[in-house]
Every structure is written in C-alpha cells, then in structure tokens.
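> Sequence:
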Amino acid sequence: MEKHADTNDVTTTIIKPIIPLPPSKFPLSFFEATVASTVALGFIIGLLGVYLTMPDSDYSFLKLPRTLHDLQLLRDNLESYTSDYTAQVLVGYCLVYIFMQTFMIPGTVFMSLLAGALFGVFKGVALVVFTATAGASSCFFLSKFIGRPLLFSLWPDKLKFFQTQVAKRRKSLLNYMLFLRLTPTLPNTFINFASPIVDVPYHIFFLGTVIGLIPAAYVTVRAGLALGELQSVGDLYDFNSIATLFFIGIISVTPTLMGKKDS
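FYI, the numbering for the sequence shown is 14 to 276, going by my numbering.
Mixed in with the good hints there might be a few duds.
Unchecked claim - Calculated cross-link-like contacts (lysine-lysine; reagent style DSSO-like; alpha-carbon spacing at most 30 Å):
1. K184 to K171
2. K171 to K136
3. K157 to K173
4. K171 to K157
5. K184 to K173
6. K136 to K76
Everything labelled a hint here was simulated from the structure, so no lab data went into it.
Using the sequences and the hints given, assemble the complete structure.
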C-alpha cells in the first residue's frame, strides 16, 4: 500500500532565496547608474527652480546641516524668509528631505528639527511624516531598479536576516513593519532600500511607514522648538522618549508573537 504524508498540521515557511549577483568593482550596471543619475538630476533641477524664485541675497548659509550649530544658523536665516516666501521654503524643504531619504544621505534628523523650529509642532509633524514617507517611497521604488547589487555589496548579512524575518511574519507583516519603524532594530534607510528586494508589498510598506514614523517625528519636531537649548543630538531622546517608543513597538508586534504562540 502506498503511503501518503499527512501535511494538514504542518506549517512550513518557504523562504525564496535571494540569488546574489556576481561580484564586480562597481556594483551598478550602466542602466542602473543612468536611472540613479536621472533621479538625482531631477531633484537638482527642482532645487534650482526654487533657488531662482527666491530674492537676490547671500545664501551662503544654505547647506545640509551636519551639526547643531549649522542647524541653528540655517534656522536663524530661514525664519526671515518663511513668512514671505512660504511656498518656496516648503517646496525646497520637501525636495531636500525627499532627496536625502531617496539616496540614504544621513542627517534627516536635523531636517526634522528644522521643521519644528520653523513651523511648530502640528505643522512640523505633518510635514516630516509627509516628506519622510515620500522619501521612503521614492527610495523603495528606486531600489527596484538598483537595490539588489548595492545591498549585496553593502549589507549581505543584514539583508539575509531581514528576508528571513519578513518570511516568518508574512501573515502579520504590517505589525512587524510598525515594530521596525518604532524601534532601532534595523536602520530606516536599510528598511526603505531592502523592502522591495525581500518582497514587502508597497501598501504594507506605506502604512507601516506613515503610522510608524509619527511618534519619533513628534519627539524630534517638538525638540526643534527649543533648538537653542540642545547641546547634542543625543539630547533628543531621553529615557522616557525611548521607553515610550519601545513600548509602542512592543504593542505593535504583540499580535505577531501571539500568533506564533497559538500556532
């Protein structure tokens, strides 16, 4: 008599392996480099258009802030333009923030602080969540074209870990993405770039980003109101802020953990 395996009570997580590309000196092909260059050129043209609509003045203060001193100088100079040239300042801010997110340029925390200093808490949080989500989405779609070779060159082990975790939590993926956004388990820049490679659906990525960024955006934007009192970026997150973010993150991932326990 022929035997048949009973698979009714067996749940198997199938992880589709990500096949690495052959190593090369420069990880991007000509087409991929052209796509990235075209996107960067689009941002540059947009920023040039904003610059040309501003009044003649000394804009030597316009640079990406790398320290709190740079940020305070930028805030002091932009305050005089924000009321009279609100549209230009907003468009310029959005383009810079989205550009930084798209190409994983560090320093967006300074841009979040600047939003609070220039626009207040409510408008600042709305602006940061919008630009951060738009930038993360831009990075997500750009990664579809150029992400795979860069990820295998830069973070092969981290990519494998992320793929495994996503595959295990496929049924509660939104909760897992919320957990990642709320806690420093993986860098946000890596999540943005790696999500399409490990088959995170965009609607899950989008919802996890929009909702998950709100608490941290609020903490950072609120700190921007007292920019002159900050001594370092580390002052942004006191024990209560970090504990709150972790608590929210644990709550978001609880359904995933309970599902594992019941299965």
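> State for each hint whether it applies.
Taking the hints in turn, this is what the structure says about them:
Proximity of K184 to K171 is assessed by CA-CA distance (about 22 Å); at most 30 Å being required, the pair is judged to hold. At roughly 35 Å between alpha-carbon atoms, K171 and K136 are farther apart than 30 Å, so this suggested pair is violated. Pair hint K157 plus K173 holds up; C-alpha atoms about 17 Å apart against a cutoff of 30 Å. Proposed proximity of K171 and K157 is supported: the alpha carbons are some 18 Å apart, at most 30 Å.
With a C-alpha separation of about 19 Å, the suggested pair K184 and K173 falls inside the 30 Å cut-off, and the hint holds. With a C-alpha separation of about 23 Å, the suggested pairing of K136 with K76 holds against the 30 Å cut-off.
Comparing the model with each earlier hint shows a violation of hint 2 alone; every other hint is respected.
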